[in-house]
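Put together the whole structure using the sequences plus the hints.
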Amino acid sequence: MAAIIQIVVLGLALGGVYALMGSGLSLIFGVMRIVNLAHPALIMSGAYVAYWGFRLWGLDPFVMLPVAMVILAATGVLLYKLVFEREAKSARYSEMTVLLTFAVAMVLEGALATAFTNTQRVTSPGYATDAFFIGSVFIPKGQLYAGITSLVIIGLLALFLKFSRFGYAIRATTQNREAAELLGVNVNLVGLVSFAIGVALAGAAGSLVSFVFSFFPSKHWEWIAVLMSLVVLGGMGSILGTVVAAYLLSVVAAFVGFFFGATWSTLTFYLALFVVLLVRPQGLFGEKPELA
Amino acid sequence: MTELLQVTDVVAGYGDGPAILNGASVTVQPGKVHCIIGPNGAGKSTLLKAICGMLRIRQGAVRFKGDSLVGLRPDQVLRRGICFVPQERALFPKMTVRENLRMGGFSLTDTTDLERRIDEIEDRFPILRDRRDQHAGTMSGGQQQTLAMARTMILKPDIVMLDEPSLGLAPKIVQEVFGIMQVMAEAGITILIVEQNALMGLKHADWGVVLDLGRTLFEGPAAEVLADPRIQELYLGGKKVA
Ligand SMILES: Nc1ncnc2c1ncn2[C@@H]1O[C@H](COP(=O)(O)OP(=O)(O)OP(=O)(O)O)[C@@H](O)[C@H]1O
Ligand SMILES: [Mg+2]
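Line by line, the protein sequences are chains A and B. If you count the first sequence from 1, you need to add 246 to reach the working numbering. If you count the second sequence from 1, you need to add 9 to reach the working numbering.
If you are wondering where the hints come from, they were derived from the structure by calculation, not from laboratory data. Incorrect hints may have been included.
Unchecked claim - Simulated pairs of lysine-lysine, BS3-like, Cα-Cα distance not exceeding 27 Å:
1) B:Lys103 x B:Lys41
2) B:Lys74 x B:Lys181
3) B:Lys165 x A:Lys408
4) A:Lys387 x A:Lys327
5) B:Lys74 x B:Lys41
6) B:Lys74 x A:Lys408
Quick caveat: nothing in here was measured; it's all calculated off a predicted structure.
Now the structure itself:
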């Protein structure tokens, strides 16, 4: 029994981080219909911001988190202006954006590898290797702090989407772009801001990931499968769905890891992606895919 | 002249594609109900999209209260006082009824004023108050259409353009939809409606416009259009109208 509680605790601790990693991707997909394959590479960039802040100036990843968000948001605006804005009117928008985000991921990976080499890194503040004990159950401090911070950030995002005027505009554009435009929403501005917010969330996730996982530039390919399984299981574009899926899969992966070994734990996500696409392609909270 | 909106020989299409409208004209008088009829693919929806600024007008004129609307964006046309309810799916299905109403007043910046206006709409259509916290997408087709139409009244527009509001609804519900349209008309809103069922549409209208192949064949008082032998033959299957 204690072992089971331990596994669930470890799964839940990581679930929040996965949720934050996936929510930016989900937001961008919802508003822009862009499957941003560069999202994990952007998370990776955020991880390097936190890593170097710590390495060079001894700044805690939680201090670097807002810095990473700002840097990544600016990167997002730049990317949007340079790459995606002029594709928006293209009839082959969907195909083009998949190729373009793939290209952006490659470029980012190359840039990071050139600048920082392919050495494995991890940010190592004291709490990253420390743990709380409740009876015999241990909770890694780093994962707990990262998980709670992730939930707070996602909670703030949810409040912003639910109650602010701009949040209304984002949700409306996600659900019915044409109707939103007809009611006076500047859908281009909504696209730009949502993209920037989504990429800023990647920056926040990266700062937390930097002390939870070890990383090196090409590792983002591994993350993309994990994130895809989250947003597909959650229902493309549903942030709530992404969060639920993140906790669900994270706990399942913890069990699989415990019983079959760590290699199989990662495979949980790939398998989930495959099964969901076959059995329930709309995911938990998504719309039925349109036939037309 | 007393026209509120005058559309004259408009040429327009999608993107760089072929012209779908090729000489579309409509005369809109204040306070009246105008019905555009025509076969599938005639360009009825395209005409409404061109008026509201979703499509670029390549030739021709659109004058509203004496000003040209050519080249304006949808939000600018909206602010001048013309609301468009597109064919099907005009709502935000995963927002509540209340949130959908708030979106109807998105272009207003004074939120107390907005809440007051929403209150007025809910007084007029109590079903919207009953369903306030329900997701719009979970309501029946008739209720959704009620919401889509009622929502336009928040802005107190001069003209509301409705694209086939009766589409896919049961006959009894269609009657309700036309009832709502009458309520809007009585509130002083000028209506421009596209209706697939020409007989039904013209019966509820003051003015009829016949569109085919992107061109206005003719327009006139609804009763005259209904009685016109060309219409009898083309769109009403030669049936005598009671
Ligand atoms: N988004 C679009 N892009 C390109 N062409 C379009 C688009 N929408 C409609 N068309 C074309 O424009 C023409 C007129 O379409 P429109 O929807 O205006 O007809 P309609 O009179 O409203 O027909 P219906 O009664 O079926 O609604 C059709 O040939 C159609 O193929
Ligand atoms: Mg149509």
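Now the hints, each set against the structure:
1. B:Lys103 x B:Lys41: violated (34 Å)
2. B:Lys74 x B:Lys181: violated (37 Å)
3. B:Lys165 x A:Lys408: The hint holds at about 26 Å.
4. A:Lys387 x A:Lys327: Given pair lysine 387 of chain A, lysine 327 of chain A is violated - Cα atoms ~39 Å apart, limit 27 Å.
5. B:Lys74 x B:Lys41: holds (15 Å)
6. B:Lys74 x A:Lys408: violated (38 Å)
Consistency note: the structure conflicts with the earlier hints numbered 1, 2, 4 and 6.
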